[in-house]
Amino acid sequence: MAKVSDIVLWDKPGERVLLLGNQAIARGALEANIAVYAAYPGTPSSELTDTMAIVSKKAGVYMEYSTNEKVAFETALSAAWSGLRAMTAMKHVGLNVAADTFMSAVGMGVEGGFVIMVADDPSMWSSQNEQDTRVYAKFANVPVLEPISPHEAKEMTKYAFELSEKFKHFVILRTTTRTSHARGDVVLGELPEEIKQGKKKFGKFKKDSSRFVDVPSNARRFHPQILEKIEKIREELNNCPFNWIEGKEDAKVGIIAPGLSYAYVKEALAWLGIEDVKILKLGTPFPVPYGLLEKFFDGLERVLIVEELEPVVEEQVKTWAFDKKLNIEIKGKELVPRIYEMTTRRAVTAIAKFLGLKTPINFEELDKKYEKVKPLLPPRPPSLCPACPHRNSFYAIKKATGGKAVYPSDIGCYTLGLLPPLKTVDTTVAMGASIGIAHGLSIAQNGSLSEEQQSPEKQVVVATIGDSTFYHTGLPALANAIYNRSNVLIVVLDNLVTAMTGDQPNPSTGQTPHGMGKRIPIEDVAKAMGADFVAVVDPYDIKATYETVKKALEVEGVSVIVSRQVCALHRIGQMRRRGEKWPIYYVNEDKCTGCRICINAYGCPAIYWDEEKRQARVEPTMCWGCGGCAQVCPFGAFEPMKEGEQ
Amino acid sequence: MKEYNIVITGVGGQGVLTAANILGWAALHAGYKVRLGEVHGMSQRFGSVISYVRFGEDVYGSMVPEGKADVMLSFEPVEALRYVNYLKEGGMIVVNTKPIVPVQVSMGMASYPSLKEIRKVFEKDFKAKWIGFNAEELAEQAGHVVTTNTVLIGALTQIPEFPLDAEHVREVIKISVPPKAVDMNMKAFDLGIKAAKEILEL
Ligand code: SF4
Ligand code: SF4
Numbered sequence: 002m003a004k005v006s007d008i009v010l011w012d013k014p015g016e017r018v019l020l021l022g023n024q025a026i027a028r029g030a031l032e033a034n035i036a037v038y039a040a041y042p043g044t045p046s047s048e049l050t051d052t053m054a055i056v057s058k059k060a061g062v063y064m065e066y067s068t069n070e071k072v073a074f075e076t077a078l079s080a081a082w083s084g085l086r087a088m089t090a091m092k093h094v095g096l097n098v099a100a101d102t103f104m105s106a107v108g109m110g111v112e113g114g115f116v117i118m119v120a121d122d123p124s125m126w127s128s129q130n131e132q133d134t135r136v137y138a139k140f141a142n143v144p145v146l147e148p149i150s151p152h153e154a155k156e157m158t159k160y161a162f163e164l165s166e167k168f169k170h171f172v173i174l175r176t177t178t179r180t181s182h183a184r185g186d187v188v189l190g191e192l193p194e195e196i197k198q199g200k201k202k203f204g205k206f207k208k209d210s211s212r213f214v215d216v217p218s219n220a221r222r223f224h225p226q227i228l229e230k231i232e233k234i235r236e237e238l239n240n241c242p243f244n245w246i247e248g249k250e251d252a253k254v255g256i257i258a259p260g261l262s263y264a265y266v267k268e269a270l271a272w273l274g275i276e277d278v279k280i281l282k283l284g285t286p287f288p289v290p291y292g293l294l295e296k297f298f299d300g301l302e303r304v305l306i307v308e309e310l311e312p313v314v315e316e317q318v319k320t321w322a323f324d325k326k327l328n329i330e331i332k333g334k335e336l337v338p339r340i341y342e343m344t345t346r347r348a349v350t351a352i353a354k355f356l357g358l359k360t361p362i363n364f365e366e367l368d369k370k371y372e373k374v375k376p377l378l379p380p381r382p383p384s385l386c387p388a389c390p391h392r393n394s395f396y397a398i399k400k401a402t403g404g405k406a407v408y409p410s411d412i413g414c415y416t417l418g419l420l421p422p423l424k425t426v427d428t429t430v431a432m433g434a435s436i437g438i439a440h441g442l443s444i445a446q447n448g449s450l451s452e453e454q455q456s457p458e459k460q461v462v463v464a465t466i467g468d469s470t471f472y473h474t475g476l477p478a479l480a481n482a483i484y485n486r487s488n489v490l491i492v493v494l495d496n497l498v499t500a501m502t503g504d505q506p507n508p509s510t511g512q513t514p515h516g517m518g519k520r521i522p523i524e525d526v527a528k529a530m531g532a533d534f535v536a537v538v539d540p541y542d543i544k545a546t547y548e549t550v551k552k553a554l555e556v557e558g559v560s561v562i563v564s565r566q567v568c569a570l571h572r573i574g575q576m577r578r579r580g581e582k583w584p585i586y587y588v589n590e591d592k593c594t595g596c597r598i599c600i601n602a603y604g605c606p607a608i609y610w611d612e613e614k615r616q617a618r619v620e621p622t623m624c625w626g627c628g629g630c631a632q633v634c635p636f637g638a639f640e641p642m643k644e645g646e647q
Numbered sequence: 004m005k006e007y008n009i010v011i012t013g014v015g016g017q018g019v020l021t022a023a024n025i026l027g028w029a030a031l032h033a034g035y036k037v038r039l040g041e042v043h044g045m046s047q048r049f050g051s052v053i054s055y056v057r058f059g060e061d062v063y064g065s066m067v068p069e070g071k072a073d074v075m076l077s078f079e080p081v082e083a084l085r086y087v088n089y090l091k092e093g094g095m096i097v098v099n100t101k102p103i104v105p106v107q108v109s110m111g112m113a114s115y116p117s118l119k120e121i122r123k124v125f126e127k128d129f130k131a132k133w134i135g136f137n138a139e140e141l142a143e144q145a146g147h148v149v150t151t152n153t154v155l156i157g158a159l160t161q162i163p164e165f166p167l168d169a170e171h172v173r174e175v176i177k178i179s180v181p182p183k184a185v186d187m188n189m190k191a192f193d194l195g196i197k198a199a200k201e202i203l204e205l
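As they're listed, the protein sequences go chains A and F.
As numbered in the numbering used here, residues 2 to 647 make up the first sequence, in order.
As numbered in the numbering used here, residues 4 to 205 make up the second sequence, in order.
Because the hints were derived from the structure by calculation, they are not lab data.
Treat the hints with care, as some may be off.
Here are the simulated DMTMM-like pairs of lysine to aspartate or glutamate, each with C-alpha atoms no more than 20 Å apart in a straight line [as the list claims (entries may be wrong)]:
#, chain 1, residue 1, chain 2, residue 2
1, A, 249, A, 229
2, F, 183, A, 581
3, F, 123, A, 368
4, F, 132, F, 204
5, A, 58, A, 195
6, F, 127, A, 365
7, F, 101, F, 126
8, F, 123, A, 335
Every value quoted in this text rests on a predicted model; they were computed, and no experiment measured them.
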């Protein structure tokens with residue numbers, strides 16, 4: 002098991018390796034001789050960016066963690082305008098952030114290949130909504146490629162660059178959680194000489210204001226051009242190596258399987274033991290190539306489209322068939338759910354129903370059996386790590402506000418503050434939205450300090466936001482709140498990394514993958530913007546944090562507290578790697594009265610309840626030694642173990 | 004072999020992904036087509052996790068369908084129970100019996116079932132063969148709790164008709180742990196093998 006960073010750079014064409022879908026895409030980009038890569042991390046896309054961060058220096062590729070997806074998009078796009086091959090990656094909701102530039106610049110096209118990797122998250126394993134990027138692709142008239150395996154993801158990445166360059170158009174490479182986070186066997190291809198030697202590539206931007214300035218007169222010219230391009234691409238995709246027809250040639254029944262659904266369909270058919278079908282495997286759900294449809298439909302009487310989420314392919318196929326006046330039964334979303342991710346079970350069930358067969362397993366019976374198990378299961382939602390500094394911040398905020406404030410929060414680990422016992426998250430909407438929502442809530446309930454009349458009853462509003470999120474889209478919202486004079490406290494939970502997506506750096510970290518960025522302290526920004534109160538605290542000191550929150554609540558206007566302590570997971574990971582030890586706490590049985598405050602108000606996952614002794618206990622393998630419990634316990638029952646006892 | 008399906012369950016942070024990766028590489032070295040499915044992000048923070056290991060000649064998706072896992076490897080008893088519906092009839096469960104109590108249980112908002120109850124569901128309702136033991140204890144014997152992972156994988160290689168050779172798996176572990184930790188992990192692997200053998204012989 003070699004290190005992934007080595008594998009991705011291995012000069013061993015033909016070697017079979019096991020790679021995560023996202024890592025395979027990184028390899029594909031290198032095989033395609035990429036020059037510039039920029040992205041903001043977001044699950045399930047992050048590992049692509051992280052892999053590029055690790056290999057970029059050796060490969061001579063410029064790579065950055067941008068502050069948000071729009072900025073990343075613009076960075077990569079400019080490189081593509083300069084004739085270089087460039088890529089950006091984001092999760093589906095990230096495309097909403099980048100959408101403004103995406104939709105406006107598509108008509109300008111590119112010079113070098115430009116690939117936008119978007120990772121969708123059907124079933125929302127770690128996302129705030131379920132959206133289908135293929136709809137965006139169709140909206141913008143940009144072709145979208147969707148791989149079925151890590152190996153195909155790598156190959157498709159190369160193809161995407163070529164397609165983009167050939168038509169001077171954007172190309173979306175769309176994955177879902179199940180390709181981005183699937184590991185599979187990948188056969189390595191050739192690396193270009195420049196990548197092998199780590200030779201940096203530079204581009205040249207040729208000025209052309211009739212192309213790169215989207216004044217209406219130009220934009221009017223762009224739109225018909227885009228439509229023309231996409232039809233040409235539709236034509237081209239008839240020969241795309243990722244689209245094919247397979248199965249029984251003279252079958253009466255056909256199944257269309259776009260993207261990863263192909264894998265589920267194949268498995269379902271094998272499971273059902275059905276061979277008498279024709280399959281159209283579609284690697285390009287938009288635009289669907291009509292020539293291929295023509296060939297596929299020949300001789301068919303019934304067709305089922307097994308497609309995850311939105312009926313993107315279904316609508317194209319049905320429209321095409323209608324125009325052709327085809328008298329063929331076409332079924333899709335009638336049998337295949339439109340919400341949540343595709344599974345083999347769903348594919349089997351839909352196909353069985355379509356063909357009037359029984360499923361190989363009686364799923365209803367299995368569900369019934371499982372229903373009886375459910376009441377036995379205690380919930381185990383994700384929780385803030387042991388020693389997570391956010392827990393202390395929330396604890397202090399709750400104490401200082403008596404739990405009576407409204408608590409808008411944001412996207413990050415700290416969203417987990419919504420769970421008991423902390424319960425200090427009332428809203429989360431989108432990246433950076435906590436500050437905007439806090440401002441709006443305060444305006445609606447209290448009025449603005451710039452107005453003469455204010456509400457006689459003051460509603461306290463305390464927003465929480467992470468460091469990375471603050472720089473992502475918190476900045477303009479902060480400027481707005483200060484300018485329009487609402488009365489809010491904003492606590493920036495600054496753990497100096499983008500923790501939730503895997504410890505990526507951001508302006509508050511200061512470090513970049515190249516080592517030498519420039520750190521921007523959040524308090525400096527808040528002061529420069531004119532916040533009415535600015536303070537920095539260490540949340541590991543709970544009392545000081547509590548007192549600072551109290552003080553900030555006295556101030557009218559926008560207060561910003563930067564609650565700074567490095568992410569515990571990050572810190573422990575580094576200590577482990579260095580072979581360092583950390584203190585482990587235990588409960589002194591003589592002192593613990595069984596009040597449960599450590600559990601019911603604080604909730605470190607390393608602390609559990611000993612039913613027999615009716616006392617709290619610390620699970621030593623989970624304690625990361627922050628000492629928070631010792632500060633919270635009114636009886637001083639938590640003590641650090643002495644060296645040697647551990 | 005057409006396909007072999009393993010599901011691995013546990014609590015985020017226990018090393019579920021690492022275990023899946025080790026088995027995946029062992030299967031790759033054995034010449035199989037391999038697919039692993041896993042969970043990242045939010046769900047990893049001490050939440051419940053499941054990951055899938057599939058290999059053989061005919062594997063496509065990365066998720067094992069319900070009712071189709073040949074074996075379940077579980078790092079925690081309740082997390083085994085949570086995904087019992089993935090096991091095929093007559094499948095096997097290799098489980099670390101040391102519980103990790105969720106915060107919700109400590110808070111008195113939920114209760115934790117007894118090991119006996121959990122085992123009964125597997126054996127009676129799902130007709131599975133139960134190979135349960137305290138792997139953490141054995142890991143401590145080997146040198147450190149972090150080798151719990153290795154103990155369990157060792158045990159897994161002993162189940163009847165397991166398609167991967169124990170020695171192949173051992174080789175992958177050897178090169179995937181830090182050089183300092185090799186001996187400890189080899190000891191853990193052997194302790195796992197021994198524990199499974201003893202249970203299987205009963
Ligand atoms: S990863 Fe860091 S920020 Fe996230 S919960 Fe763990 S300690 Fe807290
Ligand atoms: S010191 Fe206390 S609060 Fe901190 S991780 Fe250990 S048990 Fe949890």
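Hints, verified against the model:
For the hint pairing residue 249(A) with residue 229(A), the CA-to-CA distance comes to about 35 Å; that exceeds 20 Å, so the pair is violated. For the hint linking residue 183(F) to residue 581(A), the alpha-carbon distance of about 14 Å falls within 20 Å, and the restraint holds. Distance hint between residue 123(F) and residue 368(A) is fulfilled; the C-alpha atoms sit about 18 Å from each other, no more than 20 Å. A C-alpha spacing of about 13 Å is found between residue 132(F) and residue 204(F), which places the hinted pair at or below 20 Å, so the restraint holds.
Only pairs whose Cα atoms come within 20 Å are accepted, and residue 58(A) paired with residue 195(A) is accepted, the gap being roughly 12 Å. Among the hinted pairs, residue 127(F) with residue 365(A) is consistent with the structure: their alpha-carbon atoms are about 19 Å apart, no more than 20 Å. For the suggested pair residue 101(F) and residue 126(F), the alpha carbons sit about 19 Å apart, so the restraint of at most 20 Å is met. Only pairs whose Cα atoms come within 20 Å are accepted, and residue 123(F) paired with residue 335(A) is rejected, the gap being roughly 40 Å.
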